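A.B. asks: Given next are the chains, with one letter for each unit.
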Amino acid sequence: MDNQKFFSGRRERKITEFLFLVPTVLAFFLVIIIPFIIGIYYSFTDWDGVNVAKNVVGLANYKAIFTEPGFLHAFLTTVLFTLFNVIAVNVAAFLMALLVTSNVKGRNLYRAGFFVPNLIGGIVLGSIWQFIFSSILPAVGKALGWAWLSNSLITNANTVVGAMVTVNTWQYAGYIMMIYVASIQGISQQVMEAASVDGATYWTRVFRILMPLMANAFTISLFLTLTNSFKMYDVNLALTNGGPVTMFMKTPVQASELLALNIYNTAFKYSKMALGQAKAVIFFVVLVIVSLVQVSINKSKEVEM
Amino acid sequence: MKKILVLVLALVMALSAVSALADITIVQNKVEIDAALQEYAAEFSKEAGYNVKVITAGGSSDYNTALKAEFASGKEPDIFVIEGPTGYELYKDKIADLTGEEWTEYTAAAYMDGDKVVGFPVAVEGYGMAYNKDILDKAGIDPATLTNVDAYQAAFEKLDSMKEELGLDAVVSMVAGTAPGMTWVTGLHNFNVYLTVGLDRNDTSIIDQVLEGKVDEDRFHAYCEYVALIFKYSDPEMLLNGTQDMQLAAFANGKTAFYHQGNWMDPNIVALNVDFPMAYAPHAFLHEDTDGILVNAPSWYVVNANAGNVEQAADFLNALALTEAGQDYMVNKAAMVPAFTNVTLEPATPLSKSVMEWNAAGKTYSWQQYKLPDGFGMGTLGAIYELLASGAIDEPTFEQMMKDAIATIPSL
Chain F
1 MDNQKFFSGR RERKITEFLF LVPTVLAFFL VIIIPFIIGI YYSFTDWDGV
51 NVAKNVVGLA NYKAIFTEPG FLHAFLTTVL FTLFNVIAVN VAAFLMALLV
101 TSNVKGRNLY RAGFFVPNLI GGIVLGSIWQ FIFSSILPAV GKALGWAWLS
151 NSLITNANTV VGAMVTVNTW QYAGYIMMIY VASIQGISQQ VMEAASVDGA
201 TYWTRVFRIL MPLMANAFTI SLFLTLTNSF KMYDVNLALT NGGPVTMFMK
251 TPVQASELLA LNIYNTAFKY SKMALGQAKA VIFFVVLVIV SLVQVSINKS
301 KEVEM
Chain C
1 MKKILVLVLA LVMALSAVSA LADITIVQNK VEIDAALQEY AAEFSKEAGY
51 NVKVITAGGS SDYNTALKAE FASGKEPDIF VIEGPTGYEL YKDKIADLTG
101 EEWTEYTAAA YMDGDKVVGF PVAVEGYGMA YNKDILDKAG IDPATLTNVD
151 AYQAAFEKLD SMKEELGLDA VVSMVAGTAP GMTWVTGLHN FNVYLTVGLD
201 RNDTSIIDQV LEGKVDEDRF HAYCEYVALI FKYSDPEMLL NGTQDMQLAA
251 FANGKTAFYH QGNWMDPNIV ALNVDFPMAY APHAFLHEDT DGILVNAPSW
301 YVVNANAGNV EQAADFLNAL ALTEAGQDYM VNKAAMVPAF TNVTLEPATP
351 LSKSVMEWNA AGKTYSWQQY KLPDGFGMGT LGAIYELLAS GAIDEPTFEQ
401 MMKDAIATIP SL
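In order, the protein sequence lines correspond to chains F and C. Each residue of the first sequence is one higher than the one before, starting from 1 at the first, in our numbering. Each residue of the second sequence is one higher than the one before, starting from 1 at the first, in our numbering.
Just chain F, same shape as in the assembly (with noise of 0.2 Å):
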């Protein structure tokens, strides 16, 4: 009896639990699950997005991406963003986390400002941004004579990746900040203390044993930097539109283009719904590909206590 009683008891919890989970994972199925399998479908079609007729069209779609330059030129400022936007973001959030867990007055007041920015949404603040490329800027740099401001560094091809990246890190960085800032402060004192007494140099402290006691935090750091800026498109909108224009194996393509906004005018600007279905299936898989060998190489350089 008892047995049974048992066995019945443990049966209700795994139902319970079951049904817990259930409008998790309807809504997750209904929303994620479902729409991938169907996009990953329309990839191999010629759908153009409104009327429900379609035809199966293969590989066509696939081939045509990459004979395209725009979207190869798009996959490239889209690796040098994130490469550019990734170093950006972490040396700047780490510095700021190092402020502002140290003894300076006022650091109550930096941890909140430096995590303001991150509280504006990415199309208000691309278009302050691009009032301040193309007006402020320009205006500054011909009052103090200084040719290389003088014109808008958003309307020129060589220097626009940057001036997103300054952007973004702006925006983004204090964020980060906020995770070392629970990293270190995780840290004991005590391990510090003993390193000081030993004569270690504070950047030797930081580099010996504050880096490497958190490497969990720069794991998950760099995993959200690298992910956020390859899928990079709200700022890219709003401040850039993808513009100027330059030139790329012999035909014309816009230099700030990344690939979500790629595949975004792809999609609806030259109602290409299919083809730029096809875009964003080699687009998850790239980020899946490149966040996995991110993580295990982070994962192999954490250590613990």
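Please keep in mind that the hints were generated in silico from the structure rather than gathered at the bench. The structure displayed is predicted, hence computed values, not measured ones. Please note that a few of the clues may not be correct.
Said to hold, decoys possible - Computed cross-link-like contacts, EDC-like style, restricted to lysine to aspartate or glutamate with a CA-CA straight-line distance of at most 20 Å:
no., chain 1, residue 1, chain 2, residue 2
1, C, Lys-214, C, Asp-203
2, F, Lys-250, C, Glu-395
3, C, Lys-68, F, Asp-46
4, C, Lys-94, F, Asp-198
5, C, Lys-46, C, Asp-328
6, F, Lys-269, F, Asp-234
7, C, Lys-403, F, Glu-68
8, C, Lys-92, F, Asp-48
9, C, Lys-353, C, Glu-288
10, C, Lys-68, F, Asp-48
11, F, Lys-250, C, Asp-394
12, F, Lys-269, C, Asp-62
13, C, Lys-75, C, Glu-311
14, C, Lys-214, C, Glu-395
15, F, Lys-269, C, Glu-70
16, F, Lys-269, C, Glu-89
17, C, Lys-92, C, Asp-115
18, F, Lys-269, C, Glu-395
19, C, Lys-68, C, Glu-102
20, F, Lys-54, C, Asp-93
21, F, Lys-142, C, Glu-237
22, F, Lys-250, C, Asp-328
23, F, Lys-142, C, Glu-83
24, C, Lys-92, F, Glu-68
25, C, Lys-255, C, Glu-165
26, C, Lys-371, F, Asp-48
27, F, Lys-54, C, Glu-89
28, C, Lys-133, C, Glu-165
29, F, Lys-54, C, Asp-374
30, F, Lys-269, C, Glu-83
Model the placement of chain C on the given structure of chain F, informed by the hints.
C.D. replies: Okay, now just chain C, sitting in the frame of chain F:
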């Protein structure tokens, strides 16, 4: 408990009854008439007994995207705007037949599919080289002579040499930038100059040729030189950075003599209290005289048969063309040039007035740019115009790249 349940049920039923009262939604693309249309729709709703909701997406943002999103959301609009065959073909299966509606008797500009009337012309619109008459007078230039490219060349040179005296920043206020979303000015409207100027309104030979991927060499060469001429006498910063507002401000503040925009900018011009006289001169890019501006019904309201409120939607359109309030809205509030012969009101705003005069004189060329494939004018061609504007390429390269791009059209 039961009481509460009954109450909730009653509430739900009441709510669904409210939403069953036909509300009709209009998705339209003209930002400049948004306020006027919202106001008119609100007035109309009071009398009609159902709500007319206006959703506007346009200007620098992309109307077609917003429209697709509306359809994808499942709440299909009752009335929306098509800008030509591309839009019509896309939504053909959903568009209601409006043959026999009262307004159709008063217009020649309806969108037709064979004998079927399907589209209500939103307005007649026109563009050319808008000029500031005061500045041209001071420089001793008679706008009536601007009917060929040599006259333009001479006028631009003269104005350029008198820039300081006239207080000009540049001769022409022109925009071409992708970032501010202005490539429709170059890739669609300016490109249409090549497609129709000098041709009969029904003559589609040049656009047909373009759609086959070919150009008329001499005509195209003359056109490319005309583009280079306009860019040469425009402010390079404005070309790449200028938004619609900046482009207008330069002209409205008397900083340029010419302005490359259509009469849809009239409400903004009125808002800026511009007091100098202005009118349109032709886009005359050939050495031969071409005396006319580019006028067409640019877009049509169509009724979505799928959304189930065809009758209400048709009533709304009839009221627009046939009632005093509707006509007052079109002409006085929205500052549009109506496409209906029964409307006797005259526009009070300067550019619309000029369009009406050219139209009345029968000196107009049609619009064919909307026959280009989706994204081709604004995206593909717009990019090449921007390269020329930035000085990255010269005029012969521009011409060649344009030809190469046009050659890809059959494969799109």
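A.B. asks: Now tell me if each hint is right for this structure.
C.D. replies: How the hints compare with the structure:
1. C:Lys-214 to C:Asp-203: holds (16 Å)
2. F:Lys-250 to C:Glu-395: Given that 20 Å is the threshold and the Cα spacing comes to 16 Å, the pair holds.
3. C:Lys-68 to F:Asp-46: holds (17 Å)
4. C:Lys-94 to F:Asp-198: Roughly 80 Å between the alpha carbons, so the hint for Lys-94 (chain C) and Asp-198 (chain F) is violated.
5. C:Lys-46 to C:Asp-328: Given pair Lys-46 (chain C), Asp-328 (chain C) holds - Cα atoms ~17 Å apart, limit 20 Å.
6. F:Lys-269 to F:Asp-234: holds (16 Å)
7. C:Lys-403 to F:Glu-68: Holds. Lys-403 (chain C) to Glu-68 (chain F) sits at ~19 Å (cutoff 20 Å).
8. C:Lys-92 to F:Asp-48: holds (13 Å)
9. C:Lys-353 to C:Glu-288: violated (27 Å)
10. C:Lys-68 to F:Asp-48: With Cα atoms ~11 Å apart, Lys-68 (chain C) and Asp-48 (chain F) stay inside 20 Å; holds.
11. F:Lys-250 to C:Asp-394: holds (15 Å)
12. F:Lys-269 to C:Asp-62: holds (8 Å)
13. C:Lys-75 to C:Glu-311: Holds, at about 18 Å.
14. C:Lys-214 to C:Glu-395: holds (19 Å)
15. F:Lys-269 to C:Glu-70: Satisfied, since the Cα-Cα distance of roughly 16 Å is no more than 20 Å.
16. F:Lys-269 to C:Glu-89: With Cα atoms ~16 Å apart, Lys-269 (chain F) and Glu-89 (chain C) stay inside 20 Å; holds.
17. C:Lys-92 to C:Asp-115: holds (15 Å)
18. F:Lys-269 to C:Glu-395: violated (27 Å)
19. C:Lys-68 to C:Glu-102: violated (30 Å)
20. F:Lys-54 to C:Asp-93: Status holds; Cα separation ~15 Å.
21. F:Lys-142 to C:Glu-237: holds (13 Å)
22. F:Lys-250 to C:Asp-328: Given that 20 Å is the threshold and the Cα spacing comes to 53 Å, the pair is violated.
23. F:Lys-142 to C:Glu-83: Given pair Lys-142 (chain F), Glu-83 (chain C) is violated - Cα atoms ~43 Å apart, limit 20 Å.
24. C:Lys-92 to F:Glu-68: Roughly 31 Å separates the two Cα atoms, so the pair is violated.
25. C:Lys-255 to C:Glu-165: holds (12 Å)
26. C:Lys-371 to F:Asp-48: Holds, at roughly 17 Å.
27. F:Lys-54 to C:Glu-89: holds (15 Å)
28. C:Lys-133 to C:Glu-165: Judged against 20 Å, a Cα distance of about 16 Å means the pair holds.
29. F:Lys-54 to C:Asp-374: holds (18 Å)
30. F:Lys-269 to C:Glu-83: Holds. Lys-269 (chain F) to Glu-83 (chain C) sits at ~14 Å (cutoff 20 Å).
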